[in-house]
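Enquirer: Please build the complete structure, drawing on both the sequences and the hints.
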Amino acid sequence: GMRAATVDVRLEQFGLWSVFHKHLIVELFTLLRDELGDEYWVDIETEILLVPRPSGPARPVVPDVGVTQLAEHNSAVAASSALTPALLEVDEPIGEFEQSWIEIRRRDWPDPNDKLRARIVGVVEVVSPSNKGLFGERDLRKFLSKRRDYLLSTVSYMEIDLLLGGTRELPSAVEKLAERPLIAWSSQVQERARHYWAWGWDTDQPLPTIALALDYPRVRSVDLAACYERAYETNRWPSRLQSIEQQQSSP
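Be aware that the sequence shown starts at 8, since it is given in our numbering, and climbs by one per residue.
The set of hints was computed from the structure by calculation and includes no laboratory data.
Watch out, some of these pointers could steer you wrong.
[Unchecked claim] With a Cα cut of at most 27 Å, we get these calculated DSS-like pairs of lysine-lysine:
| hint | residue 1 | residue 2 |
| --- | --- | --- |
| 1 | K122 | K29 |
| 2 | K153 | K122 |
| 3 | K139 | K153 |
| 4 | K149 | K122 |
| 5 | K149 | K139 |
| 6 | K29 | K139 |
| 7 | K139 | K183 |
| 8 | K153 | K183 |
| 9 | K149 | K29 |
| 10 | K153 | K29 |
| 11 | K183 | K149 |
Expert: This is how it looks when you write it as structure tokens:
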């Protein structure tokens with residue numbers, strides 16, 4: 008139905024983006040593999056990041072009497088009697104984040120330095136909350152430096168940001184878009200410049216069909232609405248979200 012051709016902001020509100028992110032990547036991958044498969048290898052690449060996970064909203068640090076008393080009973084602390092009682096002792100959970108992106112290689116361009124022995128000509132990133140600094144600066148910085156490396160190379164690069172929250176830092180060529188709620192942009196090294204295409208739209212507008220740049224001068228189109236709709240409908244997100252809403256509204 009029309010519902011899914013627009014972005015469902017509840018995925019982000021309920022903290023479910025990381026699950027949906029995988030579904031969307033798989034749909035993009037399937038579309039690209041089927042469309043480009045004769046001349047290109049298309050792969051999903053993944054890395055695991057370990058990042059501190061905030062345990063709820065940030066709170067001002069106030070001395071917690073309960074925590075200090077607890078620390079005094081801890082035998083390890085008692086053993087080192089020289090230790091001034093801590094005003095705060097807290098465990099920060101470490102979150103495991105899986106980052107996934109898509110790499111596109113030309114089958115007929117050998118690259119001995121590449122693990123698949125073929126040259127990467129395009130990269131597709133679907134931005135995650137940790138890419139936007141929602142779990143601290145570290146992953147945001149890492150993401151931006153990875154992007155900068157791509158943009159300084161000859162690789163074509165596409166970035167899709169369907170998240171309202173977090174920090175959005177864009178290359179100067181497309182920074183006018185930063186204010187739009189949802190954005191996507193592509194870029195390709197052409198004869199004398201890196202060319203950019205960019206789209207920005209509102210949450211109530213359907214997702215656009217965008218340019219996927221490959222090795223110059225090749226450009227294909229990607230129907231983002233169709234990919235999103237398949238990820239959303241085939242993984243039954245309408246009923247998942249409905250049941251979560253019902254649980255939240257019941258006392």
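Enquirer: If a hint holds in the structure, say so; if it doesn't, say that too.
Expert: Cross-check of the supplied hints:
About 23 Å separates the Cα atoms of K122 and K29, which keeps this hinted pair within 27 Å; it holds. Using a Cα cut-off of 27 Å, the hinted pair K153 and K122 holds, with the two alpha carbons roughly 18 Å apart. Between K139 and K153 the alpha-carbon distance is near 13 Å, which keeps this suggested pair within the 27 Å criterion. Taken as a hint, the K149 and K122 pair is honoured in the structure, with Cα atoms around 22 Å apart against an allowance of 27 Å.
Simply put, K149 and K139 have alpha-carbon atoms about 10 Å apart, close enough for the 27 Å limit, and the pair holds. For the given pair, K29 sits about 17 Å from K139 by alpha-carbon distance, which is consistent with the 27 Å threshold. A hinted pair counts as satisfied when its Cα atoms are at most 27 Å apart, and K139 with K183 qualifies at roughly 18 Å. The suggested pairing of K153 with K183 holds, with an alpha-carbon distance near 22 Å, which does not exceed 27 Å.
As the CA atoms of K149 and K29 are separated by approximately 20 Å, the hinted pair is consistent with the 27 Å bound. Annotation: proposed proximity of K153 to K29 holds, straight-line Cα distance about 20 Å (limit 27 Å). Of the supplied pair hints, the one linking K183 and K149 holds, its CA atoms being roughly 23 Å apart against a limit of 27 Å.
The structure shown violates none of the earlier numbered hints.
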